[in-house]
Every structure is written in structure tokens, then in C-alpha cells.
Amino acid sequence: MAPPRKIVRRQLEIMIDFLEENKEMSKGIPPSSPISHQTIKENWIKLAKTLNSIEGGAKKAPDGWKKYWFEWRHRCRKKAANARRFQTKNTSGSHRFVPLNDLEVRVLDLNGKGSVSATISSSNKLENFLADDSESEHAMDSSEPIFQDISQSIKRKSITDTLSRSGTPPPKWALELEDRRIAAEERMANALESIANSMRLQEERQSIIEDRIADALTAIAGTLQDLNGSQKNVLQHSMKHSQSDHNETSSMKDVIFL
Numbered sequence: 001m002a003p004p005r006k007i008v009r010r011q012l013e014i015m016i017d018f019l020e021e022n023k024e025m026s027k028g029i030p031p032s033s034p035i036s037h038q039t040i041k042e043n044w045i046k047l048a049k050t051l052n053s054i055e056g057g058a059k060k061a062p063d064g065w066k067k068y069w070f071e072w073r074h075r076c077r078k079k080a081a082n083a084r085r086f087q088t089k090n091t092s093g094s095h096r097f098v099p100l101n102d103l104e105v106r107v108l109d110l111n112g113k114g115s116v117s118a119t120i121s122s123s124n125k126l127e128n129f130l131a132d133d134s135e136s137e138h139a140m141d142s143s144e145p146i147f148q149d150i151s152q153s154i155k156r157k158s159i160t161d162t163l164s165r166s167g168t169p170p171p172k173w174a175l176e177l178e179d180r181r182i183a184a185e186e187r188m189a190n191a192l193e194s195i196a197n198s199m200r201l202q203e204e205r206q207s208i209i210e211d212r213i214a215d216a217l218t219a220i221a222g223t224l225q226d227l228n229g230s231q232k233n234v235l236q237h238s239m240k241h242s243q244s245d246h247n248e249t250s251s252m253k254d255v256i257f258l
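Mapping the sequence shown onto the UniProt record's numbering, position 5 (from 1) lands on 5, and the numbers just tick up by one.
Be aware that one or more of the hints could be misleading.
To be verified - Below are the EDC-like pairs computed for lysine to aspartate or glutamate, each with C-alpha atoms no more than 20 Å apart in a straight line: (1) Lys41 with Glu21; (2) Lys79 with Glu176; (3) Lys6 with Asp63; (4) Lys6 with Glu71; (5) Lys67 with Glu13; (6) Lys60 with Asp17; (7) Lys78 with Glu176; (8) Lys27 with Asp63; (9) Lys59 with Asp17; (10) Lys59 with Glu42; (11) Lys67 with Asp17; (12) Lys27 with Glu186; (13) Lys67 with Glu193; (14) Lys49 with Glu21; (15) Lys27 with Glu42; (16) Lys60 with Glu13; (17) Lys41 with Asp17; (18) Lys41 with Glu193; (19) Lys23 with Glu71; (20) Lys41 with Glu204; (21) Lys78 with Asp102; (22) Lys78 with Asp109; (23) Lys67 with Glu185; (24) Lys78 with Glu185; (25) Lys59 with Glu13; (26) Lys67 with Glu20; (27) Lys67 with Glu21; (28) Lys49 with Glu13; (29) Lys79 with Asp109; (30) Lys41 with Glu203; (31) Lys67 with Glu24; (32) Lys46 with Glu13; (33) Lys79 with Asp179; (34) Lys46 with Asp63; (35) Lys78 with Glu186; (36) Lys60 with Glu204; (37) Lys27 with Glu71.
Unchecked claim - Per label pair, the in silico range of CB-to-CB distance: (38) Asp109 with Ile213: 45 to 53 Å; (39) Gln38 with Ile182: 26 to 34 Å; (40) Glu24 with Gln202: 16 to 24 Å.
Hints listed in this document are in silico derivations from the structure and should not be mistaken for laboratory results. Note that the coordinates shown come from a computational prediction; the quantities given were computed from them, not determined experimentally. We treat Cβ as the ideally placed atom computed from N, Cα and C, and that holds for glycine.
Given these sequences and hints, build the entire structure.
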């Protein structure tokens with residue numbers, strides 16, 4: 001068995017380019033959105049075909065690429081959050097951490113209102129982005145009780161004011177809030193995977209039911225055709241028998257007459 005192929009950079013670039021043109025795919029569909037689930041599904045199928053055509057790259061089903069996107073987005077956000085924590089704990093002021101590469105920055109920009117440079121030379125850029133980015137997951141925020149305890153306006157003002165002051169670490173509750181948001185995103189990714197699996201099973205069951213219905217209709221049509229053929233044969237036989245009886249009766253009359 002050949003080892004699985006790794007996802008190459010070209011595939012990641014194509015994925016981000018496509019999602020930047022179809023941002024509704026990267027954020028999910030809110031209830032009021034005019035974009036249908038069928039349109040999103042067709043776009044993922046189209047993207048998967050393009051990604052699978054890259055030579056030397058990984059091959060995945062549309063659901064597999066969709067799952068990878070949410071996992072990659074979560075890893076990028078977690079990496080940014082870890083970098084921010086390192087900065088706040090680094091008392092030397094050197095701000096040494098593993099920077100986000102250009103693709104990871106585009107992933108964050110794709111789902112947030114802020115922007116982060118590829119080098120991330122200052123902590124404020126990264127931290128302000130994380131503060132703005134927390135607003136983008138409106139559907140996920142509404143599902144977590146912790147986000148209902150603190151109003152959105154107070155949270156944005158507190159985080160922005162705290163992170164805008166250079167050298168002042170954010171409060172503990174802000175870090176805990178970020179941890180819970182990341183955990184919520186993980187649960188959302190798992191829920192989306194479960195929904196995708198359920199939809200796939202339903203489609204398979206529906207396909208089986210449709211095949212059975214088609215087979216049943218074909219059998220019924222064949223039975224009706226056999227019945228019609230049998231009925232026609234009976235009628236023809238009855239007509240021949242009646243004609244024969246009529247001929248015999250005519251012959252007997254001729255004999256009696258003679």
C-alpha cells in the first residue's frame with residue numbers, strides 16, 4: 001500500500017485563492033444568507049477537483065478538503081494565540097516567537113476583520129487581530145454560554161483597550177475567553193464533520209431506496225406486460241374455439257339438410 005501523499009504548498013495556495021473568492025464557504029452559512037447549501041456543496045466539489053489535479057499532492061474527497069480547511073484554520077488561530085501568550089509572558093521585551101507565514105496570515109485575514117503582516121514585527125498587530133477575529137464567529141459565539149455572560153460591546157472595548165497598551169499583558173479572563181473560543185471552534189469542526197457524515201449516510205440510504213423503488217417498478221411493469229400477453233392469448237384462443245364450433249355447427253346443418 002502506497003503511503004498517503006502530503007498536501008503541497010500549491011494546493012494550499014489554490015484553496016486560499018478559491019476561498020477568498022467564495023468567503024461564504026470559509027465561514028459557514030448564516031440563516032439569513034441567500035447562498036444555498038447546494039451551492040456551497042457544489043463549490044466544495046469544484047475546489048476538490050482542482051486540488052486533486054495537482055501533481056504530487058494529496059487526494060481527498062470534498063468533505064475531506066472541507067474538514068482539512070476547518071482544522072487548518074483552527075491551527076492558525078491557535079498558533080497566533082500561543083504567540084500572543086508568549087509575548088505577554090516574555091518580560092525581556094524581545095518578543096521572540098515563531099511567526100506566521102504568508103499563507104497562515106491569509107487564513108486569519110480570510111475570517112477576520114483585521115490584518116496581520118507576514119513578519120508580525122509588533123505584538124499589537126497580532127493581538128488586535130485576535131480581538132477583531134473573535135467577532136467573526138457570530139454563530140459559534142451565540143452557542144457558548146460564556147459569551148452570553150459578557151456583552152459584546154464590553155468585551156471588545158476591554159480587550160482592545162488592554163491590548164493597545166504596549167507592555168501591558170491582557171487580563172486572565174481575556175486569555176480564558178480566548179481558550180474557550182478556540183475550544184468552541186473545535187467542537188464546531190467536530191459537529192460539522194458529524195453533520196457531513198450524517199448527510200452522506202442519508203444520501204446513500206436514499207440512493208438505495210431509489211434503486212429498490214426502480215427495481216420494484218420494473219418488476220411491476222414486467223408483470224403487467226406478462227398479464228396483458230396472457231390475456232391476449234386467452235382471447236385469441238377463445239376466438240379460435242368459437243370459430244371452430246361455428247364451423248362444426250354449419251357442417252351438421254348441411255348434413256341434416258342433405
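**Message:** What's the verdict on Lys60 and Glu204, does the C-alpha distance respect the 20 Å limit or exceed it?
**Reply:** holds, 19 Å
**Asked** Are the Cα positions of Lys6 and Asp63 separated by 20 Å at most?
**Response** Holds, at roughly 17 Å.
**Hinted pair Lys78 and Glu176, Cα distance within 20 Å** = Roughly 13 Å between the alpha carbons, so the hint for Lys78 and Glu176 holds.
**Asked** Between Lys27 and Asp63, does the CA-CA distance stay at or below 20 Å?
**Response** Answer holds: Lys27 to Asp63 is near 15 Å, not above 20 Å.
**Item:** Holds or violated: Lys59 to Glu13, with C-alpha atoms at most 20 Å apart
**Value:** holds, 16 Å
**Request:** Please test the hint of 26 to 34 Å on the beta carbon pair from Gln38 and Ile182.
**Result:** holds, 31 Å
**Asked** Can the restraint linking Lys59 and Asp17 be considered satisfied, given a maximum Cα separation of 20 Å?
**Response** This hinted pair holds, its Cα atoms lying about 18 Å apart.
**Prompt:** If you draw a straight line from the CA of Lys67 to the CA of Glu193, is it 20 Å or shorter?
**Reply:** Distance of about 7 Å is within 20 Å: holds.
**Prompt:** When you check the alpha-carbon spacing of Lys67 and Glu185, does it fall within 20 Å?
**Reply:** With Cα atoms ~12 Å apart, Lys67 and Glu185 stay inside 20 Å; holds.
**Hint consistency between Lys23 and Glu71 [alpha-carbon to alpha-carbon, up to 20 Å]** = holds, 17 Å
**Request:** Take the C-alpha atoms of Lys6 and Glu71, compute the straight-line distance between them, and say whether it is at most 20 Å.
**Result:** holds, 15 Å
**Request:** Mind checking the alpha carbons of Lys67 and Glu13 for me, to see if they're no more than 20 Å apart?
**Result:** Distance of about 17 Å is within 20 Å: holds.
The earlier numbered hints are all upheld by this structure, with none contradicted.
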